[in-house]
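Visitor: Residue-level listing of the chains:
2 protein chains.
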Amino acid sequence: MKKYSLGLDYGTLSARAVLVEVKDGHEAASAVYEYPHGIMDRSLPNGHPIPPLWALQHPEDYLSAIEIIIPRVLEEAGVTAEQIIGIGVDFTACTVMPVKKDGTPLCFVEGYAENPHAYVKLWKHHAAQKYADRINETASRLKERFLELYGGKTSSEWLYAKLLQIFEEDRSLFEKTDYFVEAGDWLIWQLTGTPSRSTCFAGYKALWNDEDGDISVKFLESLSEGFGAAQSKSCSFPIISTGCRAGELNGEFAKRLGLMSGTPVAAAVIDAHACVPAAGVVSPNQMLIIMGTSACHMLLSESGKSVPGICGVVKDGILPGFYGYEAGQSCMGDHFSWYIKNCLPVSYAEMARERGIDLYSLLREKADKLCPGQSGLVALDWFNGNRSVLVNSQLSGLILGMTISTLPEEIYRALVEATAFGTRKIIETFESNGIKITEIYTSGGIPKKDSFIMQIFADILNRPVKVSSSQNGSALGAAIMGTLAAGKENGGYSDVYSAVVAMGSKVEKTYLPDPQNVSIYERLYQEYCILHDYFGKGGNDVMARLAEIKQ
Amino acid sequence: MKKYSLGLDYGTLSARAVLVEVKDGHEAASAVYEYPHGIMDRSLPNGHPIPPLWALQHPEDYLSAIEIIIPRVLEEAGVTAEQIIGIGVDFTACTVMPVKKDGTPLCFVEGYAENPHAYVKLWKHHAAQKYADRINETASRLKERFLELYGGKTSSEWLYAKLLQIFEEDRSLFEKTDYFVEAGDWLIWQLTGTPSRSTCFAGYKALWNDEDGDISVKFLESLSEGFGAAQSKSCSFPIISTGCRAGELNGEFAKRLGLMSGTPVAAAVIDAHACVPAAGVVSPNQMLIIMGTSACHMLLSESGKSVPGICGVVKDGILPGFYGYEAGQSCMGDHFSWYIKNCLPVSYAEMARERGIDLYSLLREKADKLCPGQSGLVALDWFNGNRSVLVNSQLSGLILGMTISTLPEEIYRALVEATAFGTRKIIETFESNGIKITEIYTSGGIPKKDSFIMQIFADILNRPVKVSSSQNGSALGAAIMGTLAAGKENGGYSDVYSAVVAMGSKVEKTYLPDPQNVSIYERLYQEYCILHDYFGKGGNDVMARLAEIKQ
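Read top to bottom, the protein sequences are chains A and B.
Counting in the numbering used here, the final residue of the first sequence is number 1619, and the numbers go up one at a time with none missing.
Counting in the numbering used here, the final residue of the second sequence is number 1619, and the numbers go up one at a time with none missing.
Bear in mind the hints are in silico, worked out from the structure with no lab data behind them.
For clarity, every value in this text was computed on a predicted model and none was experimentally measured.
Warning: the hint list may mix true and false statements.
For chains that are exact copies, the list does not tell them apart, and a pair is met inside one copy or across any two.
[As the list claims (entries may be wrong)] With a Cα cut of at most 25 angstroms, we get these calculated DSS-like pairs of lysine-lysine: (1) K1618 / K1437; (2) K1373 / K1504; (3) K1618 / K1434; (4) K1409 / K1434; (5) K1517 / K1409.
From just these sequences and the hints, can you work out the full model?
Guide: Below is the structure:
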């Protein structure tokens, strides 16, 4: 009888379940559920308005998802509950919600449905920048040790910036909240009946580290009197390491979902992090870049060092046995989509229609014919701010070098090049801080679909760029975590290396740098760096000032 | 019997004739002729390719034009040849051609039809930048006095940069050329049979000034051995002041055109300059901004001073009795058109179609609803380089502040604002160099048609902006020059003041600054200035380096 692991992948707009064979990682079935409420950034379900820069979700969507996608994959694969040896979950983060003692989301409680603060704050909720600034300034002034682990700056997307926002903007709700829980940990709580915290969320989003533990009440109090209470409200549950068992599926859920009560459930991990084992990355100094609407850069290393501007380094945070580093670019596919939707002329749409191809294929074809440097353009890829290595959400996009002969495909290519320059900046920052990178792996929508973009990345990074064959990377990674939670005794694996070698994806394509392009991109990258430092490191804070005027 | 003056306006793409009543400036008839060869920038008429950045014209078009448009206006107005007391001409400049001793354009001579250098180099021929650089460097090193009159830099569009290009790139053609003549002067030569040079072309484009006369052979030799010959090839004809008679219509032309032999013909003027009297501007410290594809800023003053980055100051150069200052922005309507053609999405085209309005009206309507600063964007208006006050054709456009929420109308508005900031920079440069500006007049296509743009100009300049009612500004100005060439004794005018008061246009609308917008634009202008100086004054020469890589 074949053994399976169930991977649950909670993304930004939908949840996916995959059923994966434990022996070889083969995907037997997959099902997706789009969240009915999606991202709530304009109004609550009852029409109550949401302020600008907010991004909320509805926890109801998370529960509805499993009720639909789990029975569907079981049915599709013709697999029985007994064949499932473990369950793993990955989730976006920091995606945090206020709950009552029993885990009930505050937005389900009477009287709270109209309060935006009662809902889930999605990772891309960007209204807490000023609170992140306060955390960074205070930590820097007090020489807090934790700051080094996050490259010198914490993000407005992370836990304490979001909690400080609630504390300052709705004290009563803050006080009524028993716990603030990562949505991933909350789902595990629902499935197992036992609350816990995954090292992955705690380490990368909640300033926890294995040596010092949680952030001190004293530091939180120095941010605002009374805010020390945030510690017990968010750090009371036991920490469970990545790849370990958080508990077993409780009877009630097992029944509703058609699974076996007692099935081992792994600690949840961040969605991007789950892609690492899925992509077959399991050795030190391999970087995995997940390229989608935004980009995440995951790196395993044997040493833990402070690297300025990275998102974080957490021991055992990505895979057990390694220091896991994370960096990121807030904008990748996102600004390509923005450009295609907002800036392509009617004449191109007509050309595409005449040729019977889509607008994007036409654009890619035209952009692919250009040579590096031919457009005279250079851009900064900060359309969603800059996560690494500047950690500043107030930075914005720039395009330079336009003339009245500039063509749409030239601008598009410049935007693609800018994201590759941004990735190179991250890689160089790691290396200049003593963390070597010997191999580049990629996964996500862009590497699978877009050879035009991938060749530019190989040329600009001046390294071979490998594309992982995994289709549903995060979900496969979650399923691998499920086999570790089960352990060898239950038909799973006892160590991550064996699990990844057996179940991880293979490299399906490698892009090699073209030496001729490399040398021109070398010059353009120097220009990018000058602009990067001028606008990003205090030479001219125009972007922040414009953002302020805009508000 | 009513008296008329004939104004001939030779623009970039077409020539226009107007017949104007001498008494009150009333336009009795108007006719246009589009040049069949237009701007030749890709290939010669026989298919011979033209290198990039070149812009040529065919002198045949200039002659064909008068044969058609002059008889047409006479007929349309029902005016006899006897009623026409004078003829005035305005022309683009520096628009220069090589000719033989008798005035025959070299491109008409056998063996030269395939040589691009044998044709007219249009004002916007931009392939001579490196020769302009050499002129500027050499003049600066030798401390040549003339440099001060042009704000410290001469342009690649001007005479000697274009001639040095011919000298260096086709020595044989340079030597075969008897004279290099401004197209405007050449037309007067054709009409009157006598070659001459107008102070307007000589002063603004050929480094002539009333104190020192023409540029020295010694200086030209210091640019390249043998180039001293350019002086006699371009400076041999007598100088005629703006508003003076260059000669009388010769018999042959009079016959062909149905005019009287001996009709007084005024010295030609630059097209933009002709707009000054046409707009009713005839007092010191009034600035006229002509806003079309590009923008020209004309200013009359009682004192001649060196103003960095202006195009030139010429005594009697615009109107007799004043120092005439000229400054310019290479890109205005040009980059709005670029944006509308290349960057507006299909969804907007559909919206416009549904509402039955054109795309431009829709865009303007949307952009008009935005508040200053709301977009978080700031742009540099250098899509065609920067004429004033940086005088650098290698500068290029910049847009800063984009996020993935940025809308097309926000970018459009930022481009409009950038041109107004550029104008303000010019005004402030005049004033900080002791040349006061008390009134702003505008003429050209944009002021007549676009209240959205004009209100932004008033808000950003923080001054009332007057719109002249003149429809065919340059042509009316040329006709005014015709009445001065005729003089009072022939039914015209003896002084420019009387002529302009009688015939010049009136102010049809005044835009007043909105105090609320003014204060926000004050802050945005500060940002523009920082970027202007950083990218334009050596802080970061990225634009020049990108232009070099592009080549």
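Visitor: Under a CA distance limit of 25 angstroms, which applies to K1618 and K1434: within one copy, between copies, both, or neither?
Guide: between (35 angstroms within a copy, 17 angstroms between copies)
Visitor: At most 25 angstroms between CA atoms: does that hold for K1517 and K1409 within a copy, between copies, both, or neither?
Guide: Answer is within: at 19 angstroms inside a copy they meet the 25 angstroms cutoff, but 30 angstroms across does not.
Visitor: Is it within, between, both, or neither for K1373 and K1504, if the alpha carbons may be no more than 25 angstroms apart?
Guide: within (12 angstroms within a copy, 62 angstroms between copies)
Visitor: Using 25 angstroms as the alpha-carbon threshold, which applies to K1409 and K1434: within, between, both, or neither?
Guide: both (17 angstroms within a copy, 17 angstroms between copies)
Visitor: State whether the alpha carbon distance between K1618 and K1437 is at most 25 angstroms within one copy, between copies, both, or neither.
Guide: between (38 angstroms within a copy, 15 angstroms between copies)
The structure fails none of the hints (numbered hints given earlier).
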